[in-house]
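A.B. asks: Sequence:
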Amino acid sequence: MAHSNDAREAVMIGRRTDGTIIRRPLSPHLQVYDMLQMTSALSIMHRITGSAWAVGLIFLVWFLAATAAGPEAYARMQWFMGSFFGVILLFGITVAAWYHTLAGIRHLMWDYGYGYDIPTTYRTGWMVIIGTGVMTILTWIVAIIAWAS
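Residue numbers for the sequence shown follow full-length UniProt numbering, beginning at 1 and rising by one.
Keep in mind the hints are simulated off the structure, nothing from the lab.
Computed from a prediction, not measured in an experiment: that's the story for all the values here.
It cannot be assumed that every hint is accurate.
Simulated restraints, written as ranges between beta carbons of each label pair [claimed, not checked]:
#, residue 1, residue 2, range
1, His107, Leu60, 19 to 25 angstroms
2, Gly92, Tyr116, 44 to 50 angstroms
3, Thr17, Ala68, 54 to 60 angstroms
By construction, the Cβ of each residue, glycine as well, lies at the ideal position given by its N, Cα and C atoms.
Using the sequences provided together with the hints, build the complete structure.
C.D. replies: Written out as structure tokens, the structure reads:
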């Protein structure tokens with residue numbers, strides 16, 4: 001094998017069970033994915049929504065801390081969450097939470113060996129997308145009804 005100055009080269013070399021030397025594949029980068037292919041797009045969105053959901057939890061902590069801190073802190077938090085930006089943020093967090101949850105369930109199904117064939121992959125992908133929309137709308141209907149009463 002040719003000598004390389006790249007330190008990663010050492011971990012890319014492996015052996016088959018018969019002792020034959022092989023090159024291990026490098027992890028794919030975003031440039032490799034076809035962003036319009038459902039499986040790639042849903043996988044990338046799962047990562048993005050996981051990050052968005054984690055950031056959204058900061059606002060949950062703010063809510064809990066403001067509730068514990070007293071009426072003035074709670075009023076400031078409530079003002080922000082009721083502002084245009086706050087409502088858009090809450091809506092985005094809702095979408096991220098539902099998408100990440102439903103895509104996570106899909107991944108759990110894969111962990112059990114179900115859904116690897118292409119038709120099922122696309123069917124469950126569409127179920128995640130449609131389910132995200134439906135559950136987000138239902139969540140907001142319930143929230144609006146609760147706020148109105």
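A.B. asks: Does each hint hold? Answer for all of them.
C.D. replies: Evaluation of the provided hints:
1. Taking 19 to 25 angstroms as the suggested C-beta distance range, the pair His107 and Leu60 conforms, at roughly 23 angstroms.
2. Between Gly92 and Tyr116 the C-beta distance comes to about 31 angstroms, which lies outside the given range of 44 to 50 angstroms.
3. Judged by the Cβ atoms, the range 54 to 60 angstroms given for Thr17 and Ala68 holds: they are separated by roughly 59 angstroms.
Hint check: a violation occurs at hint 2 only; the rest are consistent with the structure.
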